[in-house]
Amino acid sequence: MSSPLQPTIRKDILLIEPPAGAISRVAPALKDLGFSVLRVGSTEVAMNALSLNPQICLVSVDEGVGAEAAARLVESAKDLYPDLPVFWVKRRTLAANVFRHVLPDVMLSYPVDPEVFRRQAESVLCVGMYPHVIVEQITSSAKAALLESFNTKLTPAQPFLRSNRNVLSHINALVPFVGVKVSGRLLVGSSPECLTAIRRRVLPNDPEPTSGQLEDLAGELANQVLGRLKGVFHSYSYPFELGTPMFIQGVQSQLRYKAGRPSMVIPFKDATGTVYVEFCFDIFDPDGLSPPSAEPLAPSGELEFL
Amino acid sequence: MTKRILVVDDSATIRQQLRVFLESNGFEVGEAENGQAALEAVRVESFNLLIVDVNMPGITGLELVERVRKLPAYAKIPVFVLTTESTQAIIAKGKEVGATAWIVKPFKPDILLKGIKKVLV
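Going down the list, the protein sequences come from chains A and B. Convert by adding 20 to the 1-based position in the first sequence; the result is the number in the numbering used here. Convert by adding 30 to the 1-based position in the second sequence; the result is the number in the numbering used here.
So that you can see chain B by itself, here it is in the shape it has in the complex (with noise of 0.2 Å):
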């Protein structure tokens, strides 16, 4: 079954990137620009795996993995945070609230596929 990967960012560029990039890898790739719109779509859609930038306006990328976590459905699911974001601190926050892995931009798309394919066996 196609694995189906939301991707949270509010940079219009990040998000049609990484989905044109990932379809061609074989996924199915939602969009979110925002945190609350990305709690919608994990409400009435089901995705195998998060990649969520930090700093959004309205609720952050950390408070959007602390509630997600929250969702039976997304107690376990893969949360890559894909972010400027680059102190021990930040990331030891992300980790808080229950982020799988890290990475800061920029990034280059295919270290990103080789850790998404780790944890979407």
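Only chain A is shown next, with the shape it has when bound in the complex (with noise of 0.2 Å):
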């Protein structure tokens, strides 16, 4: 049985693309991320590295290599790797005949933005990245978490992948978890008025929040969010304990995982603001991994008598 639990771990991205080529400007940001780029000028050179590097795992092709080779080339990768995302850079209308089989992914138009690269990329490696499941969990989690203990509707938006060292929000709560074949952190952040504006629709009669107040209530989000995480790894046989809440405030502040891949960050939005929550993995085992149980966890809300 295929394990939904199981990530995709490859770190390379390989640029195809003509001597002062645009994409390589984005290099920085995407390392900075923890992938290592591999920038090759011609197609025969790119197809070697496809079938000798299994590590890839995003392929960028710009058609100034030659727009038919550079098809051939999109064909030959996603027959290797029918899940490998492919970006082509356009820079001319194509011969409607280029693409005889396989379509790229996403096309970017010449010259392109690095950001515009940079942003499709995070979006596609974190799906890679991060299995669908998880990434389902975790939504789901918080949004029940905000709505049923905060009577608060927020709107989840695409996922992405943290590029830089700068968190996100002015206020954040981490809480770490560790197991024997799953370890990470899960993180909670937004600004003092979005947290404020949650905390009054449970507290409408309290004085303005201090920021110790705000700390605890994205600690306790972080926590129901990761508790119920716990209970769905349970279930796939890779247990953990959760730790003692950390608090980071001040938006200048820098935090890092020395992880093995980059964090992924799922944001809430509505008027008021934006809640992060934000997932990262350090230790994740596949080998062993058992198909769940059957055993039930109780639902969240619910009073059971014992």
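Any given hint might turn out to be false.
[As the list claims (entries may be wrong)] Within a straight-line C-alpha distance of at most 20 Å, the following computed DMTMM-like cross-link-like pairs (lysine to aspartate or glutamate) qualify: (1) A:LYS31 with A:GLU88; (2) B:LYS138 with A:GLU322; (3) B:LYS147 with A:ASP103; (4) B:LYS123 with A:GLU322; (5) B:LYS123 with A:GLU324; (6) B:LYS144 with A:GLU322; (7) B:LYS125 with A:ASP103; (8) B:LYS148 with A:GLU261; (9) B:LYS123 with A:GLU315; (10) B:LYS138 with A:GLU315; (11) B:LYS106 with A:GLU324; (12) B:LYS123 with A:ASP103.
FYI, nobody ran anything at the bench for these hints, they're computed from the structure.
Two chains, two separate frames, one set of hints: put the complex together.
Here you go:
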């Protein structure tokens, strides 16, 4: 049975473009995320790299190296690795038959804005780095915690990989989790304004909260999101225990996880601001992953007399 | 006579939220931010029901329940566990140490209130 919890941790990005191509300006940002960037100038060298290197997690080909050859490369890459995301940098209107059977996943127009490339790359790499079931579970746990515990309905937005060292929010609560086969951390952060608005929904008559009280709220949210995830991992025989929350304040603060992969961020938005739920594995051992147990978890919100 | 409830949780947000809700429903509420503080509170004051988190620094919620049950005045007092823990193994442990009821966070206060009223007639 293929495991939905098994992540892909391929770390090399292959860029195929002529000399002085624009895409290589994005290489530092991608390296900062922990990826290696391999830049080649011809499709022959690229094909060789693809067949020898299963660590490649994204290919970007600029049709400036030759549209027909680039299209054949796309077909061969997809033949070797059907799930490998492929970007195409378009320089002119393509001939209708240049792609015979397989299309690239993302089309970008030359000259490519490195920021556009970076965002697109993060989006597809995020899907590769973190299994869909994890993203879904974190999203549903966060929505439930916000709505049921704090009467707050926020809309989840597209997950992304955090690409620099700066924390995303002013007030952040980070909870580590540790198990034999899985460990990492989960962070919930937001602005003072957004956290105050959330707190006011359940404590409308309270005076203006202190930053400590807002930290506590972020910590409780992180606790509830991670608590639900604990049950899910337990059912896959990947138990872990939660650590004590820690707090980081200040928009200029830096936070870097010394893990083997970048962290994934799911933003939750409404008119008052954004709550960021950030997640990172540092150990995830897919070997020996058992099928999920049939034992049901206790549903949240229901009172069970023992 | 007004019933008294002790809320034990290291989250000030949860303690305060429950205090406001339960007081608005006619209960008197005490707070303890950890197991040790809860043990001190139950020794000096009298409560009719305890609401206890599991994961707290120091004494865990289940250790607290086990110790509270050894106090004669609290041998049969309802103890509700309010926690993020949801596996059957830990719920079984909760039952073993003497918890009365289990609610997994996130929770709706009205459901908690319904359970409280059921045991505190």
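Hints and how they fare:
no., hint, in the structure
1, A:LYS31 with A:GLU88, "violated, 28 Å"
2, B:LYS138 with A:GLU322, "holds, 8 Å"
3, B:LYS147 with A:ASP103, "violated, 55 Å"
4, B:LYS123 with A:GLU322, "holds, 18 Å"
5, B:LYS123 with A:GLU324, "holds, 14 Å"
6, B:LYS144 with A:GLU322, "holds, 11 Å"
7, B:LYS125 with A:ASP103, "violated, 47 Å"
8, B:LYS148 with A:GLU261, "violated, 33 Å"
9, B:LYS123 with A:GLU315, "holds, 16 Å"
10, B:LYS138 with A:GLU315, "violated, 24 Å"
11, B:LYS106 with A:GLU324, "holds, 18 Å"
12, B:LYS123 with A:ASP103, "violated, 44 Å"
Figure legend: structure checked against the earlier numbered hints; hints not met, in rising order: 1, 3, 7, 8, 10, 12.
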